[in-house]
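One letter stands for each residue in the lines below.
2 protein chains.
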Amino acid sequence: MVRIRTRDEILRVAAELFTRYGFKGTSLHDIAAEVGCSKATLLYHFAHKDAILLALVEPARQSLIDLVARLAGVDDKGIRVAAIEGFIDLVLRYRREVTLIYDVTPQFMQEPRFAAMRELTDALRAGFAGRSSDPADQIAADVLLGGIASVAIDDKRDEVELRPALIAVARRALIPGKD
Amino acid sequence: MVRIRTRDEILRVAAELFTRYGFKGTSLHDIAAEVGCSKATLLYHFAHKDAILLALVEPARQSLIDLVARLAGVDDKGIRVAAIEGFIDLVLRYRREVTLIYDVTPQFMQEPRFAAMRELTDALRAGFAGRSSDPADQIAADVLLGGIASVAIDDKRDEVELRPALIAVARRALIPGKD
DNA sequence: GTCTATAGGCTGATAGAC
DNA sequence: GTCTATCAGCCTATAGAC
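Quick mapping for you: the protein sequence lines, in order, are chains U and V.
Here my numbering is used: position 52 in the first sequence is 52, and no number is missing along the way.
Here my numbering is used: position 177 in the second sequence is 177, and no number is missing along the way.
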């Protein structure tokens with residue numbers, strides 16, 4: 001059973017190249033050459049280049065939707081811990097996908113299909129800020145959200161080492177009197 | 001004295017377009033059209049497209065070199081506060097340039113001319129970590145470095161509001177028993 | 001499902017006139 | 001210093017054979 005579906009192989013190779021060279025820095029030719037098929041075959045399985053990227057990030061996007069839904073049911077007392085641990089687990093589980101999302105966000109964000117992502121990150125920020133409306137709390141929340149994501153993207157340590165360190169720094173930064 | 005040097009106008013327009021659409025998302029044609037000159041004129045003033053970007057980020061790079069040199073003379077007791085305040089002042093002063101640097105870093109970092117930047121960020125991380133060799137301290141330092149930069153890039157608030165909030169969250173996260 | 005061939009457009013960069 | 005004209009190369013995407 002060594003047979004690998006071409007479609008899956010395209011996704012595997014595309015994830016690797018997009019991560020290494022960026023979305024714009026990777027051409028259909030690059031992917032096709034590495035897969036060992038033609039560009040036309042790529043575009044038989046995916047309507048456009050963008051569709052490859054969207055297929056890659058879809059599981060992570062779905063997980064984020066689930067997390068935000070779960071946080072909606074958490075009371076104010078537990079919201080920060082739940083948001084912190086939920087987000088850290090999510091980005092460590094989908095490190096590659098987070099890398100891709102941050103790569104294309106500046107350009108894709110203005111497109112309608114990515115616009116809904118904005119509401120999700122707003123909900124996450126509210127959770128990190130303990131549902132406070134104080135700008136200082138929201139800025140702190142953004143620092144931690146961006147910082148945790150950047151570590152998940154760049155750091156080479158494994159998640160077993162990163163997870164407790166990330167939770168510890170987020171709790172110190174966001175939860176008063178807890179260090 | 002309304003005469004503006006073409007070279008300066010190119011830099012002004014390029015900064016705006018690179019920030020909005022990314023370096024790869026902005027062509028020489030786009031810049032030339034906005035400036036109101038030809039692509040050939042762009043390439044008379046700058047040898048390559050890359051040279052425009054390098055000219056834009058040079059002041060920020062020089063400031064980072066200065067900051068790292070200054071931190072080398074600070075003792076262990078004061079290093080975290082000095083690194084935190086120095087970095088926050090720097091990214092707030094050069095927000096647009098920080099945006100550009102983070103945009104191109106994934107691809108440019110492997111090139112030799114950007115390799116020296118690595119030593120600078122290593123020194124900054126050491127400062128944020130209070131020169132500790134504990135991985136948890138270095139991870140926390142990276143979270144704050146990345147998080148502060150991401151806020152400087154994305155947040156629309158002005159630096160008068162951001163500065164104290166950023167310093168406060170960094171101190172809580174990095175300096176034990178200070179909140 | 002996969003291929004070859006190619007369309008049609010954009011890219012950074014150069015040549016040479018003024 | 002600035003221009004027009006142009007190059008060679010790359011890009012995504014399509015057409016049509018097998």
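Treat the hints loosely; a few may be bogus.
Where chains are identical, the list cannot tell them apart; a pair therefore holds if satisfied intra-copy or between any two copies.
As the list claims (entries may be wrong) - Mimicking BS3-like on lysine-lysine, the simulated pairs with C-alpha atoms at most 30 Å apart in a straight line are: (1) K39 / K49; (2) K39 / K77; (3) K156 / K39; (4) K77 / K49; (5) K24 / K39; (6) K77 / K24; (7) K49 / K24; (8) K156 / K24.
Because the hints were derived from the structure by calculation, they are not lab data.
Hints and how they fare:
1. K39 / K49: Answer is both: 10 Å inside a copy and 29 Å across each meet the 30 Å cutoff.
2. K39 / K77: Cα proximity of K39 and K77: none, with 53 Å in one copy and 59 Å across.
3. K156 / K39: neither (33 Å within a copy, 41 Å between copies)
4. K77 / K49: neither (44 Å within a copy, 53 Å between copies)
5. K24 / K39: both (16 Å within a copy, 22 Å between copies)
6. K77 / K24: neither (43 Å within a copy, 45 Å between copies)
7. K49 / K24: Answer is both; intra-copy 10 Å and inter-copy 16 Å each pass.
8. K156 / K24: both (24 Å within a copy, 26 Å between copies)
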